[in-house]
Amino acid sequence: MNIRRVVIAALDKSVGLLDRPSLAPVALSGGDFALSELDIDSLSTYEIIMQLEDELGIDLPPAAVASTTTLDDLVDVVTRAVEARP
Amino acid sequence: MLRDDAVGVLAGAGFGVTPHVDFIRALADRLKIDLSATLTVMRHLPLWTDGPQHAELRREVAAFLAEDRSAKLARATARIRLALFRTLGSDASEHVDLLRMVCEVVDLFMEEFTGLPRPEGDPSGFPSIFSSNLGVAERRRLEVLLKQQFAQANDLFPDEPIERHALRVGQFAMGRDALIGTLGLSLHHHLGSLGEDTLTARRMPAVPTHTGLPAIGRMARVAQTVAGCPVAAGALIECRLDSLAGRPAAERRHFFGSGPHLCLGRPLSLALWDCVADALAELDVGLTTTDFALAQSDVFDIPSVFKASKSSVSQPLTGDPT
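Residue numbers (our numbering), protein chains in the order written: chain U, 21 to 106; chain W, 4 to 325.
Everything labelled a hint here was simulated from the structure, so no lab data went into it. Incorrect hints may have been included.
[Claimed, not checked] Straight-line alpha carbon distances no greater than 25 Å define the calculated DMTMM-like cross-link-like pairs of lysine to aspartate or glutamate that follow:
| hint | chain 1 | residue 1 | chain 2 | residue 2 |
| --- | --- | --- | --- | --- |
| 1 | W | K150 | W | E107 |
| 2 | W | K310 | W | E285 |
| 3 | W | K35 | U | E67 |
| 4 | W | K35 | U | D79 |
| 5 | W | K310 | W | D277 |
| 6 | U | K33 | U | E75 |
| 7 | W | K35 | U | D32 |
| 8 | W | K35 | U | D61 |
These figures come from a predicted structure and were not determined experimentally.
Produce the complete structure using the sequences and hints provided.
In structure tokens:
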């Protein structure tokens, strides 16, 4: 499973990542960017969490997501949650 | 905010409760998920309300906790003594799971005072309604658990309104998390202070010495200065109750919070401590903690592991309170 792709899809569904001309090419080409550029508020964070949890069958504590600052950070956190899945 | 500053914030009128319930309601609306049981419980816990609604809710909860208190306490005491003596008074095992014992003691207590049976399953797996760090999957699991408790309340008390069921479920959830953490931590420190001595050597303090609720959040109603620091209106702060840990009896009141939100379960908690301290003081058993860890939680300090090795028992014990 391509976790990065799932994360990008969740960010796109919640905050329209792929509609942003400056960020979409970076995300799709494997690059990294600061999540602060997406203006994610607290409720959007939970939307992203729900999509990732439902898609991947994981538990994702909000604090773990809030601790991430870049796309790569978030992919790492989600990857660890997938690996810790019982 | 530490010690006196924390107590001052909790006791004063300049700070109100954090808007956690509003956030959960917004979350349910935004995600289109059912958190109705969670919200019903939250709205029936005084700790999340302010103003006239808070005062009314406190009166209801205080009356609820006072109903048949002596009889409930007597039943709880007898059952808790039996549980403690069964776990510690037998020489069948050299190792004891004190977390399991603490959970059982608290559950017996909460069962008597709320009229609800304890939830089935591993207690360490229950999501806490007080946590701000539950993902959506955990919030859904919590919702299922609370709905089960509402169904049990309805089966056991079919003539009661849902508000009354919410009081029962809410008090169970709150009391359980707070007491397991506080009793677990206090017992852990008591055992540490005993060293090689047996439980009969010194009675466990009859008041909690270490809190399972390390901090209480508050939101500033107006711009103000606390402990020399400017605090903007709407700013969130943390009042650290754990900074009172181990301080003398003078801090008993503050340990349960302070001001309008002073813990309504305080007299019951002290009664539970008396009961546990009395029973433990009769056990000629040495306990040495072999494994202790706190769960990773953003609200309660609840042990995730609490195990001890046990010395032999010098006399047969039954736990019979007579």
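Here is what the structure says about each hint:
Between W/K150 and W/E107, the direct Cα distance comes to roughly 22 Å. Compliance with the 25 Å bound is thereby established for this hinted pair. For the hint linking W/K310 to W/E285, the alpha-carbon distance of about 20 Å falls within 25 Å, and the restraint holds. Of the supplied pair hints, the one linking W/K35 and U/E67 holds, its CA atoms being roughly 10 Å apart against a limit of 25 Å. Restraint check for W/K35 and U/D79: satisfied, since their Cα atoms lie roughly 19 Å apart, inside the 25 Å limit.
Taken as a hint, the W/K310 and W/D277 pair is honoured in the structure, with Cα atoms around 22 Å apart against an allowance of 25 Å. Using a Cα cut-off of 25 Å, the hinted pair U/K33 and U/E75 holds, with the two alpha carbons roughly 13 Å apart. Between the alpha carbons of W/K35 and U/D32 the distance comes to roughly 19 Å, so the proposed pair stays at or under 25 Å and holds. Between W/K35 and U/D61, the direct Cα distance comes to roughly 17 Å. Compliance with the 25 Å bound is thereby established for this hinted pair.
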